[in-house]
Structures are given as C-alpha cells and as structure tokens.
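Colleague: As a plain string of letters, each chain reads:
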Amino acid sequence: MSDLWLLMILCTLGTYAWRGLGVLLGGRLEPDSDLFRWVSCVAYAMIAGLVMRLIVMPTGPLAGSLFWHRMFACLLGLFIYRGLKGNVFLAVGSGAAALVVLNELRGFFG
Amino acid sequence: MFVADGQRVSTQSTAFWRGARESIGAPIAVIAANYLGLGAFASATAVSVWAIVVSTFTIWALPGQLVMVDMWMVGAPWVAVLLAVMLTNVRFLPMSITIMPLMRDPAHPRWRYYVTAHFIAMTSWVVCMPRLQQMPSVERISYFIGFSLNCIVVGAIFGALGYYAAASIPPAVQLGLIFLTPINFFVLLAGEVRERMGALALACGAIAGPLFHLLTPEWSVIFAGVVGGTLAFGLNKLMGAHRE
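These protein sequence lines are chains U and H, in that order. Under the numbering used here, think of the first position of the first sequence as 1, with each following residue one higher. Under the numbering used here, think of the first position of the second sequence as 1001, with each following residue one higher.
Derived by calculation from the structure, the hints in this document are not laboratory data. Be aware that a few hints might be false.
What the hints assert, rightly or not - Have a look at the derived ranges for each label pair, beta carbon to beta carbon:
(1) U:Trp-5 / H:Gly-1234: 43 to 53 Å
(2) H:Ser-1048 / U:Leu-90: 31 to 41 Å
(3) H:Ala-1172 / U:Leu-13: 32 to 42 Å
(4) U:Glu-30 / H:Arg-1110: 10 to 20 Å
(5) H:Glu-1195 / U:Asp-3: 41 to 51 Å
(6) U:Pro-31 / H:Ile-1169: 39 to 49 Å
(7) U:Leu-84 / H:Trp-1078: 42 to 52 Å
(8) U:Asp-3 / H:Thr-1011: 40 to 50 Å
(9) U:Phe-109 / H:Ala-1044: 24 to 34 Å
(10) H:Thr-1045 / U:Glu-30: 39 to 49 Å
(11) U:Leu-75 / H:Trp-1219: 26 to 36 Å
(12) U:Thr-59 / H:Thr-1011: 41 to 51 Å
As the list claims (entries may be wrong) - Below, a sample of chain H positions facing chain U; criterion: calculated Cβ distance under 10 Å:
(13) Pro-1027
(14) Trp-1060
(15) Ala-1061
(16) Val-1085
(17) Thr-1088
(18) Tyr-1114
(19) Ala-1117
(20) Met-1197
(21) Ala-1201
(22) Cys-1204
(23) Phe-1223
(24) Val-1227
(25) Gly-1228
Beta carbons: idealized from backbone N, C-alpha and C, even for Gly.
Let the sequences and hints guide you as you build the complete structure.
Modeller: As structure tokens, this is what we get:
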C-alpha cells in the first residue's frame, strides 16, 4: 500500500467528519428556529464565496482567461436560464461555449 | 400492518430509482465534465487512475480531491494536506445540518442518517433541497441516495475516461470543461433564489469569498461563510419581518 492510499483514508475520514457532525447537530435543530436560519445563511454564503472566488480569481487553466470574459459568460448563462424558464443545460452550455469562443478570439487578435 | 410495511418498502425503492433518473440532465452532465477534467489533470501526475476512481466514492468532493492530488504531488506534509482538504470541505457541515431535518421520518433507524450524510455534496444539496420538500418524508432518503449515487458512479467513470483521454482533449475545450463548475453553480444559485434571506446570504458570500481569499486563502471558505452568512442573517433581521 503506497502512502497515497493511506493519505486518502485520512482525507476520507476528515471529509466525512463534517458530514457526520452535521447529522449530530442537525438532529437537535428546529427548522423554524433562528439558529437554523443562521446556519443556512452560512451554508449559502460558503458556497457563494467559493463559486465567486473560482470566477473572480481562478487557478489553473482558467487563470489564463480574462475576468470580463468569465463574468460575461456567467451573466449570459443566467440571462438564458431566466429567459428559458430553467433550462440549465442550455444556459450553462452557452455560457461555457461563450467563454471558449471569447478566449480563442483574443488569441487571434493578439 | 404487513401490507403497509410492504408498501413502504416499494415506495422507497421507487423513490431511489426516481432520484437516480431525475439526476440525469444538466447536474450530472456538469459532474461528468468536471470529473473528466480531474482525470485529465491527474493523468499528468504520478497518481494512478484507481486513486481517482476510489476517492470519488470515498471522498466525493471534487475540490477536496483536487487539493489532495495536487499537494501529494508536491510532497506536502500529511498534516498540511489533511488540513487543506478539511478546510475546503468545511461547507459540508452547514449543508448537512440544514438538509438532515428534511430527511427525518419515524421509519428510519438512526444509523441511516449517518449513511445518508456521506452522499451530501454541492450539486445534490443545491438541487435536492427544494425537491425533497415536495415529496413524502419517508421517500426523501431513498430519493437523495439514488440521485447522489448516480452522480458518484458517473463521476468515477468520467474521471477514468478523462485520465485516459487527457492527451486528446484540446486545451480550449479543457478551459470550457473547467469553467462548467463555477458557471453551473452561479446560474443555479442566482437563478433559483426566491426569498430575501437566501438572496442576502448569496450576495454577502459572493463579496466575502474573494475578499477573504486575498487575506487568507486557506481559511477563506470558513471566513466567507461565517462572516458573510452572519451579515446576511443580521441584515435580514434588521429589514424586519414584513412581507417574508
């Protein structure tokens, strides 16, 4: 067994710890309480924070694209989603395609 | 009594397959594309294809898996890898706390909630939170596991495909594949927000996320969530209870 497999077991336990702890704590919480509302605000803010960070300051291949291109692609996706009454497939696909095209055009024109 | 129990089992198995079926569509396409990207990334490292497939089943958190592979490659100390993975995945705590009350039903023994918790991930949480409330409580766990398990299996298959197909995916397309994660959640969250508290939480988190990332990249998920979420909760209280 290589050390990557041992590390993977650790990471598996570490990740499950959050999920399991959530069951323990969520079991005592009333869905209509202020504490519950606060936790759900934290959950949504965490996800929004992570997603926005990936859009505003990405790492990896996305770091090579322009911020305004990524923002335009996201807003185009949202616009299509709202316009077509919830077609995620078309919305997300068009947004991602828009980014690829914009990025390629930028390569053409320097 | 006997008949009622029999019916209960059959509705749960129907709910499981309904969940699996209804996961097919945009959410699972995004997961497939993402894991294709993860597999392609891993193929450029010394990590075996099995590490990607197995960790998809056991960890089931793409950013966490990415961090693990990346840090293991550069030889980071185990404590640092574990800490980084746990900090990226801390979002599961509030997600689990808020989805679990929806799963409650007298028919379930306690251990079943702990098994269900393993299947919580960003896609299933965002998509299933509203859907679960529209079905009988006894069916929710089965639906959720059916939905999530299909996502995991598809993720693992596409992770392996990406691993072997990496060389034949042009860089321009890889860019689009990687962009699918952020744009998918951007559209789903911004497009589906209905009430004021949720909108405030998303807005505060969206501003806090990048700001805290500038200050402290490792702790940014926790800080953005706690500070942004608390701010949203407070603003919502200040605005009062009128109309919502």
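Colleague: Confirm or reject each hint.
Modeller: Structure-based check of all given hints:
no.	hint	verdict
1	U:Trp-5 / H:Gly-1234: 43 to 53 Å	holds (45 Å)
2	H:Ser-1048 / U:Leu-90: 31 to 41 Å	holds (37 Å)
3	H:Ala-1172 / U:Leu-13: 32 to 42 Å	holds (39 Å)
4	U:Glu-30 / H:Arg-1110: 10 to 20 Å	holds (18 Å)
5	H:Glu-1195 / U:Asp-3: 41 to 51 Å	holds (48 Å)
6	U:Pro-31 / H:Ile-1169: 39 to 49 Å	holds (44 Å)
7	U:Leu-84 / H:Trp-1078: 42 to 52 Å	holds (47 Å)
8	U:Asp-3 / H:Thr-1011: 40 to 50 Å	holds (46 Å)
9	U:Phe-109 / H:Ala-1044: 24 to 34 Å	holds (30 Å)
10	H:Thr-1045 / U:Glu-30: 39 to 49 Å	holds (46 Å)
11	U:Leu-75 / H:Trp-1219: 26 to 36 Å	holds (29 Å)
12	U:Thr-59 / H:Thr-1011: 41 to 51 Å	holds (45 Å)
13	Pro-1027	holds (7 Å)
14	Trp-1060	holds (8 Å)
15	Ala-1061	holds (6 Å)
16	Val-1085	holds (5 Å)
17	Thr-1088	holds (8 Å)
18	Tyr-1114	holds (6 Å)
19	Ala-1117	holds (4 Å)
20	Met-1197	holds (7 Å)
21	Ala-1201	holds (4 Å)
22	Cys-1204	holds (6 Å)
23	Phe-1223	holds (8 Å)
24	Val-1227	holds (8 Å)
25	Gly-1228	holds (4 Å)
Hint compliance for this structure: no hint is broken.
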